[in-house]
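Quick mapping for you: the protein sequence lines, in order, are chains A and B.
Here the first sequence is numbered in the working numbering, starting from 1 and rising by one per residue.
Here the second sequence is numbered in the working numbering, starting from 258 and rising by one per residue.
Treat the hints with caution; some may be incorrect.
Once the Cα atoms are required to be at most 30 Å apart in a straight line, the calculated BS3-like pairs of lysine-lysine come out as [unchecked claim]:
#1 K364(B) with K471(B)
#2 K472(B) with K75(A)
#3 K569(B) with K76(A)
#4 K365(B) with K76(A)
#5 K75(A) with K169(A)
#6 K364(B) with K15(A)
Hints were generated in silico from the structure; no laboratory data involved.
Here is how the chains run, residue by residue.
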Amino acid sequence: MILIDTLSKSFGGIKAVNQASLTIKKGSITGLIGPNGAGKTTLFNVIAGVYPPSDGHVFLEDEEVTGLPPHELFKKGVMRTFQIAQEFSSLTVRENLMMVPANQSGERLLDTWFRPARISMEEKGLTQKANEVLDFLQLRELADELAGNLSGGQKKLLELGRTMMVEPKIVFLDEVGAGVNRTLLQTIGDSILRLNQEMGYTFCMIEHDMEFISKLCEPVIVMAEGSVLAQGSASEIKANNAVIEAYLGTGQKNRKL
Amino acid sequence: MIDFLNALTLLANYIIVPGLAYGSQLALGALGVTMVYAVLRFSNFAHGELMSFGAMCTILCTWALQSFGISLTILPTALLAIPAAALITVLYCIIINYFVYEHYREKKIDTNTYFIVSIGVLFFTAGLIRLVIGPKDQNFSDGVRFILKARDFKAMTGLNEGLAIKTTQGMTVVVTLILVAFVFWFLNRTRTGKSMRAYSDNEDLALLSGINPKKVILITWIITGILATVAGALYGLDKIYKPFTFMYLVLPVFASAILGGVGNPVGAVVGGYIIAFSELIFTFAYKKFLFYILPESFSPDGLVQLLSTDYKIAVSFLILVIVLLIKPTGIFSGKTI
């Protein structure tokens, strides 16, 4: 699905991502873990087109998409959520969802004037779709609330909802479970599993909660210092010595830094 | 009772009517500044010159229409010329955006640099205007000058004080109402308007939702160009078109936008009227007004003017400073549209 080939990104002298190579298989929920500063979010940002990579390539289904701007990657089916949930705070929850699909007729100035019927039909379809998504995420009663007023966890759900408005090829989730209470985490986890199993979504998620990861992800990729350290099932990763070392450090290594 | 009515008429004639007209012009100007700020995140100091450019195009189009013998009889011919002038101004905005702002946007330059760039655009536009139409004043208002003449008003009511309403003043208010209503409808009801609001609210998320930034920026410039043309043309019609005044007009326009909360369109409109009325209230000579409402023994000798009209600009400056000290986000806490 996605092939990342010796991707590097440096900021000044710091190599945030250093020749990372990995593949994400279609239909998988790939977990991406690693200590803070391992370059996970930077890797996400480079794939999603926020920054161009310093070196290396990204392929989406054999098509090179390296360094494309975010809105074009979106059209190719790449979606992502943010570590700190983002929303259009001055639009309602439903409007937030309806914002997502690209190329709506209402976006073309001429159509706004000359084809109002077509726009209203499209809007009706979108409203229905948004309502279905809200039902799925159990957010229906908040549909007309301004998204800025939602709690942190609800915003995370809304982010997940945004990916459901279109049929994405792959969804990158950046710490979707961070700062979310247990019950809501359960809802988020269940939603991800259902989307994966019923609708065939491919996910790649950054996560710190090992329990959450073990339940959802297969395979798990471990990053450290900008490169891929290990890859395997959750239980394999837990038993991997190199991984434990990367997380806990070995005195020696800390002294060198 | 008669004295009281006289006093009211005096206020209406010197403060309320001109204030509404001037306030409308400022509101349109501030709305343009606010749109650019909300979407592109910089203070566009070239906006005053853009208004001047729009007014200049209106004048040229008016002359063209007049040379073909077309006129609106009662209303100023300029009203007919505004759409064509707006089109030219929009094109100018798009060209400037393409060659200047887009260049810097791609380099992801910070907003301070943007603001300096806009000052460069200001001087370029100012120079272009001097080249095309020259530095002299132009009067391009035609049609019937007054909706209501002071003399007729006096004859009608039998009061000492007259109330005059210029055609341009009436037109300014009506056109502003229509345009502001249109902008609000556009931002709140159309999908394109919502994309603009979304982009202004959260740029990163908008990009990742497939909103094309170039398109949003293009539409922002189209709206800004239209607003600037109408504001400039109405200001020129109401007073007289002087290429040099627009450099100073930027100040009250910015004061309006900041007072209302930069980036907030409602704020821009409200701010425009507040600034216009403050300028007039502070510089109005109350001598006659007090003469009407106070008993004779109290009537003042001086002009009872808080500030000379020369200090008009200082009023907006003062308000600007006070707002920035007390509530820098403005009345409506702007930032997004």
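We went through each hint and held it up to the structure:
1. Between the alpha carbons of K364(B) and K471(B) the distance comes to roughly 14 Å, so the proposed pair stays at or under 30 Å and holds.
2. For the suggested pair K472(B) and K75(A), the alpha carbons sit about 15 Å apart, so the restraint of at most 30 Å is met.
3. The straight-line distance between the Cα atoms of K569(B) and K76(A) is roughly 56 Å, outside the 30 Å bound, and the hint therefore fails.
4. For the hint linking K365(B) to K76(A), the alpha-carbon distance of about 24 Å falls within 30 Å, and the restraint holds.
5. Proximity of K75(A) to K169(A) is assessed by CA-CA distance (about 10 Å); at most 30 Å being required, the pair is judged to hold.
6. About 22 Å separates the Cα atoms of K364(B) and K15(A), which keeps this hinted pair within 30 Å; it holds.
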